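2 protein chains.
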Amino acid sequence: MAINDSPVERAEHEQRLQDVRRTMLSDEKLATMAARFKAISEPSRLKILLALSCGELCVEHLTQAVGGNQSAVSHQLKTLKDNKIVRARRNGKQIIYTVADEHIMLMIKTAKEHLDCDE
Amino acid sequence: MAINDSPVERAEHEQRLQDVRRTMLSDEKLATMAARFKAISEPSRLKILLALSCGELCVEHLTQAVGGNQSAVSHQLKTLKDNKIVRARRNGKQIIYTVADEHIMLMIKTAKEHLDCDE
DNA sequence: TTATCATATGAATAATCTTTCATATGTATA
DNA sequence: TATACATATGAAAGATTATTCATATGATAA
Numbered sequence: 000m001a002i003n004d005s006p007v008e009r010a011e012h013e014q015r016l017q018d019v020r021r022t023m024l025s026d027e028k029l030a031t032m033a034a035r036f037k038a039i040s041e042p043s044r045l046k047i048l049l050a051l052s053c054g055e056l057c058v059e060h061l062t063q064a065v066g067g068n069q070s071a072v073s074h075q076l077k078t079l080k081d082n083k084i085v086r087a088r089r090n091g092k093q094i095i096y097t098v099a100d101e102h103i104m105l106m107i108k109t110a111k112e113h114l115d116c117d118e
Numbered sequence: 000m001a002i003n004d005s006p007v008e009r010a011e012h013e014q015r016l017q018d019v020r021r022t023m024l025s026d027e028k029l030a031t032m033a034a035r036f037k038a039i040s041e042p043s044r045l046k047i048l049l050a051l052s053c054g055e056l057c058v059e060h061l062t063q064a065v066g067g068n069q070s071a072v073s074h075q076l077k078t079l080k081d082n083k084i085v086r087a088r089r090n091g092k093q094i095i096y097t098v099a100d101e102h103i104m105l106m107i108k109t110a111k112e113h114l115d116c117d118e
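Chains as they are written, first to last, in numbering that gives the first Met the number 0: chain E, 0 to 118; chain P, 0 to 118.
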């Protein structure tokens, strides 16, 4: 703490620290949340997610849509699924992937808008 | 493409691929968006962001709030700032950091809600 | 203008992650 | 039941990243 803080400043600072402590997530939740952001922080996986935001796709079609190799796409989908970014269901021989829920759709939308602020 | 797709299925599939192509971001935008998610995908940086979501803080107070070392926090803030997650302004000797904008606040809120779905 | 305070930065090491290749699993069909 | 098909997975190599230490910068106060 800066040595020349006034008493009022010190009190405000204490209040801030308390607010932060009260609001802060547990280390476990923090780690989970960070892992979920990390799942969508690789261009390859983000591309998959954006493709899925147009509608459900099986692995083969996804692979075509994003232009990759089957094994890589499958690994990427596992990361997305483990982090509840996408969901999977079987249909015959195929596994169909979809965006997990509305929170994820909203994140995509918000991130796109954030990006548009650059222009 | 699966060899036994019916003509109707093939047409639907073509439609899907076109939708994806039309909606897909450029490689550059994809990279930028991914980098921004990556910025908030490390527990240390996410913790800083959550602290700032309670209100602005200078580096020293932030360092106390998240419990780290000054150099590390400074590096983390640079990553967040470079990716437009936070903003900085000078006030005397101090640099005050704030959450960049409402998009980021919404992302935090949405991510928290997504997390709450686990329980 | 020198000393001090607050923050930033470069370089290096250690840790983590992504992709690929080879192969395994599970489902449907002949 | 044997074969083909769609997807998943383990291991390993290469690439990327986070943190630390030492030091630099920029601002204020003496």
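Bear in mind the hints are in silico, worked out from the structure with no lab data behind them.
Check each hint, because a few of them may be wrong.
Since the list gives no way to pick one copy over another, a pair counts as held whenever it fits inside one copy or between any two copies.
Unchecked claim - Straight-line distance between alpha carbons at most 16 Å, and here's what the computed EDC-like set of lysine to aspartate or glutamate pairs gives:
| hint | residue 1 | residue 2 |
| --- | --- | --- |
| 1 | Lys-28 | Glu-11 |
| 2 | Lys-80 | Asp-18 |
| 3 | Lys-77 | Glu-8 |
| 4 | Lys-77 | Asp-117 |
| 5 | Lys-80 | Glu-8 |
| 6 | Lys-80 | Glu-41 |
| 7 | Lys-83 | Asp-117 |
| 8 | Lys-108 | Glu-13 |
| 9 | Lys-92 | Glu-118 |
| 10 | Lys-80 | Asp-100 |
| 11 | Lys-28 | Asp-117 |
| 12 | Lys-28 | Asp-115 |
| 13 | Lys-92 | Asp-26 |
| 14 | Lys-37 | Asp-18 |
| 15 | Lys-80 | Glu-55 |
| 16 | Lys-92 | Glu-59 |
| 17 | Lys-83 | Glu-118 |
| 18 | Lys-92 | Glu-41 |
| 19 | Lys-77 | Glu-41 |
As the structure is a prediction and not an experimental result, all values here were calculated from the model.
Hints, one by one, checked against the model:
no.: 1; hint: Lys-28 with Glu-11; verdict: neither (28 Å within a copy, 41 Å between copies)
no.: 2; hint: Lys-80 with Asp-18; verdict: neither (34 Å within a copy, 23 Å between copies)
no.: 3; hint: Lys-77 with Glu-8; verdict: neither (49 Å within a copy, 26 Å between copies)
no.: 4; hint: Lys-77 with Asp-117; verdict: neither (32 Å within a copy, 18 Å between copies)
no.: 5; hint: Lys-80 with Glu-8; verdict: neither (47 Å within a copy, 26 Å between copies)
no.: 6; hint: Lys-80 with Glu-41; verdict: within (15 Å within a copy, 19 Å between copies)
no.: 7; hint: Lys-83 with Asp-117; verdict: between (29 Å within a copy, 9 Å between copies)
no.: 8; hint: Lys-108 with Glu-13; verdict: neither (37 Å within a copy, 25 Å between copies)
no.: 9; hint: Lys-92 with Glu-118; verdict: neither (44 Å within a copy, 32 Å between copies)
no.: 10; hint: Lys-80 with Asp-100; verdict: within (12 Å within a copy, 29 Å between copies)
no.: 11; hint: Lys-28 with Asp-117; verdict: between (31 Å within a copy, 10 Å between copies)
no.: 12; hint: Lys-28 with Asp-115; verdict: between (30 Å within a copy, 10 Å between copies)
no.: 13; hint: Lys-92 with Asp-26; verdict: neither (40 Å within a copy, 32 Å between copies)
no.: 14; hint: Lys-37 with Asp-18; verdict: neither (27 Å within a copy, 26 Å between copies)
no.: 15; hint: Lys-80 with Glu-55; verdict: within (14 Å within a copy, 35 Å between copies)
no.: 16; hint: Lys-92 with Glu-59; verdict: within (11 Å within a copy, 57 Å between copies)
no.: 17; hint: Lys-83 with Glu-118; verdict: between (31 Å within a copy, 13 Å between copies)
no.: 18; hint: Lys-92 with Glu-41; verdict: neither (28 Å within a copy, 37 Å between copies)
no.: 19; hint: Lys-77 with Glu-41; verdict: within (14 Å within a copy, 20 Å between copies)
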